[in-house]
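Asker: Build the full structure now, drawing on both the sequences and the hints.
Quick mapping for you: the protein sequence lines, in order, are chains A and B.
For the first sequence, the working numbering gives the first residue as 5, with consecutive numbering after it.
For the second sequence, the working numbering gives the first residue as 2, with consecutive numbering after it.
Since the hints were made in silico from the structure, they are not lab data.
Each hint should be verified, as a subset may be incorrect.
Unchecked claim - Stretch-level coverage of chain A by chain B, calculated; a stretch enters the list once three of its residues show a Cβ under 8 Å from a Cβ in chain B:
| id | stretch |
| --- | --- |
| 1 | 10-22 |
| 2 | 31-44 |
| 3 | 49-60 |
| 4 | 126-133 |
Unchecked claim - Examples of chain B residues toward chain A, derived with CB under 10 Å:
| id | residue |
| --- | --- |
| 5 | Phe11 |
| 6 | Glu47 |
| 7 | Glu53 |
| 8 | Asp63 |
| 9 | Arg115 |
| 10 | Leu118 |
| 11 | His119 |
All values reported here derive from a predicted model rather than from experimental measurement.
Cβ coordinates follow ideal geometry from the N, Cα and C atoms, glycine included.
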Amino acid sequence: MFSASHRLHSEALSAAENVATYGKCNNPYGHGHNYVLEVTVSGPVDESTGMVCNLTDLDGFVQREILERFDQQNLNCLPEFRNAVPTTENLCIAIYDILQRGFRLAHLEKVRFEETMMNSFEYAGGNEVIV
Amino acid sequence: MVYLTRKAEFSASHYYHNPQFSAEENQRVFGKCNNPNGHGHNYTLEVTVKGEVDPRSGFVVDLKQLKETMHREVLDAMDHRFLNKEVPEFFHRIPTTENLAISIWQRLSPKLTRAKLHRVRVYETPDLFVDFYGEA
Numbered sequence: 005m006f007s008a009s010h011r012l013h014s015e016a017l018s019a020a021e022n023v024a025t026y027g028k029c030n031n032p033y034g035h036g037h038n039y040v041l042e043v044t045v046s047g048p049v050d051e052s053t054g055m056v057c058n059l060t061d062l063d064g065f066v067q068r069e070i071l072e073r074f075d076q077q078n079l080n081c082l083p084e085f086r087n088a089v090p091t092t093e094n095l096c097i098a099i100y101d102i103l104q105r106g107f108r109l110a111h112l113e114k115v116r117f118e119e120t121m122m123n124s125f126e127y128a129g130g131n132e133v134i135v
Numbered sequence: 002m003v004y005l006t007r008k009a010e011f012s013a014s015h016y017y018h019n020p021q022f023s024a025e026e027n028q029r030v031f032g033k034c035n036n037p038n039g040h041g042h043n044y045t046l047e048v049t050v051k052g053e054v055d056p057r058s059g060f061v062v063d064l065k066q067l068k069e070t071m072h073r074e075v076l077d078a079m080d081h082r083f084l085n086k087e088v089p090e091f092f093h094r095i096p097t098t099e100n101l102a103i104s105i106w107q108r109l110s111p112k113l114t115r116a117k118l119h120r121v122r123v124y125e126t127p128d129l130f131v132d133f134y135g136e137a
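Answerer: Rendered as structure tokens:
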């Protein structure tokens with residue numbers, strides 16, 4: 005889990021369109037969420053370890069490459085969102101891309117975010133999500 | 002393609018009864034759920050839609066609109082209702098959680114234009130849920 009703030013505002017929209025599209029989320033001062041991140045990887049079980057991948061490696065990668073960069077930050081200030089609105093849809097895609105590029109020890113299946121208790125988002129690199 | 006899931010909760014009562022069964026068969030098949038006075042659940046509904054992210058807005062779908070559609074099409078009709086007696090599709094169909102998921106799919110699917118309905122999940126209790134992915 006990490007906590008971050010964001011403001012939903014698109015340069016491609018007028019001020020009135022931004023308010024109409026994003027409502028309260030367009031507040032120029034931003035607002036925050038506790039984002040719950042779930043990373044799903046897959047692979048054969050290694051006979052010598054009984055593991056798909058060592059969770060310590062996955063945890064370490066997520067801690068180093070994601071939590072340390074995103075926790076307690078304003079998402080709008082991060083390079084991932086220089087040209088993209090930090091919706092949770094785009095956050096899913098950004099995090100998926102970081103894992104896909106950097107974590108080589110198992111196959112990345114999907115990324116899931118809970119933005120609030122009532123909303124969640126999933127991204128599998130454009131593929132169908134396996135349920 | 003990004004998948005978005007929105008939750009909602011509603012409370013309703015129901016009972017299970019098939020008029021084509023004898024009283025004994027109804028009792029045997031449905032047990033306590035056959036009590037004609039009904040019983041209730043707190044249902045948790047999860048609606049998952051899928052679609053491409055609109056590059057202008059960064060949204061798959063406007064969550065506020067999805068929430069309003071879920072309220073208008075499902076919760077307004079079912080929350081604090083006796084499903085068998087007050088929700089038309091259950092006048093002649095048993096309001097099991099399976100049929101409830103199908104009914105909710107049929108109510109929502111034609112109303113969702115921006116994104117495609119992917120899954121309707123209905124929790125009858127925290128230990129039991131049904132998924133429906135449409136007819137295909």
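Asker: Now, for every hint given, state plainly whether the structure supports it.
Answerer: Here is what the structure says about each hint:
no.	hint	in the structure
1	10-22	holds (count 4)
2	31-44	violated (count 0)
3	49-60	violated (count 0)
4	126-133	holds (count 7)
5	Phe11	violated (13 Å)
6	Glu47	holds (9 Å)
7	Glu53	holds (9 Å)
8	Asp63	holds (7 Å)
9	Arg115	violated (12 Å)
10	Leu118	violated (14 Å)
11	His119	holds (8 Å)
Of the numbered hints given earlier, the model fails hints 2, 3, 5, 9 and 10; all others are met.
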